[in-house]
Amino acid sequence: VTILNNLIKLYGIDSKIKEALEVFDFIKIEGHMPPVSSYNAILSALVNMKRNSMAENMFTEMRGNGVRPNKETYTLMIQCMCRKGNLDGAISLLNDMIQNGCTVDVVNYTFVISRLCRRGRMEQASEIFDQMQKNGCEPNIVTYNSMIIGLCFVGRVEEALEWLNIIKSKDCKPNIYTYTLLVDNFCKVGRLDEAKEIFNEALTSGIKPNVVTYNALANGYCKEGKLDEALLLLEEMPQNDCMPDMITYTTIIYGLFKGNKILEALKLHDQMADKGHELSMKTLTDLFRRLCRDGYTTDAIRLFRKIEKSGHRHD
RNA sequence: ACCGGGCGACAUAGC
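Quick note, the first sequence lines up with residues 87 to 401 if you use the numbering used here.
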């Protein structure tokens, strides 16, 4: 049966629904109720293939057959419910788990909290956050980060920042995600100075900003029209062992568009081409269109030739 | 039951 279970999971990874179900049915025909492990296998396959409704039906069938879900089953079904957008369903699964004597771990709680936070359902997120602690499960940094995302999402950035201190007062250290999140969200509400402060705090507390942190900051500068600052970051990054990536360049190029600095944008494109970075075709065509629209016809043609030479298809 | 290991949760541009 173990072998058949693994086969089902492999079909799941390969998106072969029919095959997976056939193996599962075969286990049924073998005489007895499929064991939990087989239900878990088919559920895992279905969830992998995003057949969430089928997974839900399978779960119902399983319970109807008197097969007790275990921790793995619940972990899968929580994922399934969240993907369907049925967060209340996910919450009641958490409660079911406890009633069935399964240990709900920090990842289970955090997963649900994270989905609630992404939708801004902070009351429910906080409720689970409290509940997990009552059940003896301490939040970890991912849990805190999820809560911070939620607070930012609903516009409570102040509170989000306060959580940074709360985290530090527990035996839990903020990580680069924490700082990046805060930098990004302070940028997004136009509070660049504070974003920069948070950025510096990361540095002083020994957390190295990475390319994502820089990109968030660059985006903030661009959205506020501080293009020079954004361009400065490009120089600063390599000094901090961070190489700009496609997102960095894309961010700044669109920023330059908005500031009508089309030639600067083109220059940046040439620079990155020299370093072996590429832009997406979408960005390239946007650049091309802007050059045309703004009358830089020769540059546009030059760019066009370059795109052609790079051998990509273009329209 | 206990121990050890693996898997599953978090951040940035454009679309």
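Keep in mind the hints are simulated off the structure, nothing from the lab. From the three backbone atoms N, C-alpha and C, an ideal C-beta is built for every residue, glycine too. Don't take each hint at face value.
Said to hold, decoys possible - List time: in silico SDA-like cross-link candidates among lysine to any residue, alpha-carbon distance up to 25 Å:
id	residue 1	residue 2
1	K136	K157
2	K347	L318
3	K309	P324
4	K344	K395
5	K220	V192
To be verified - Label pairs and their in silico Cβ distance ranges:
id	residue 1	residue 2	range
6	E364	I115	27 to 37 Å
7	D257	M332	33 to 43 Å
8	G311	K102	49 to 59 Å
9	Q185	M367	16 to 26 Å
Right, here's what the structure says about each hint:
1. Of the supplied pair hints, the one linking K136 and K157 holds, its CA atoms being roughly 20 Å apart against a limit of 25 Å.
2. Simply put, K347 and L318 have alpha-carbon atoms about 16 Å apart, close enough for the 25 Å limit, and the pair holds.
3. Only pairs whose Cα atoms come within 25 Å are accepted, and K309 paired with P324 is accepted, the gap being roughly 23 Å.
4. With a CA separation close to 28 Å, the supplied pair K344 and K395 exceeds the 25 Å bound.
5. Between K220 and V192 the CA atoms are separated by roughly 13 Å; this keeps the pair inside 25 Å, and the hint holds.
6. Distance hint check for E364 and I115: the Cβ-Cβ separation is about 53 Å, which falls outside the suggested range of 27 to 37 Å.
7. Taking 33 to 43 Å as the suggested C-beta distance range, the pair D257 and M332 conforms, at roughly 38 Å.
8. A hinted range of 49 to 59 Å holds for the C-beta pair G311 and K102, which are about 52 Å apart.
9. Here the CB-CB span from Q185 to M367 is close to 53 Å, at odds with the stated 16 to 26 Å.
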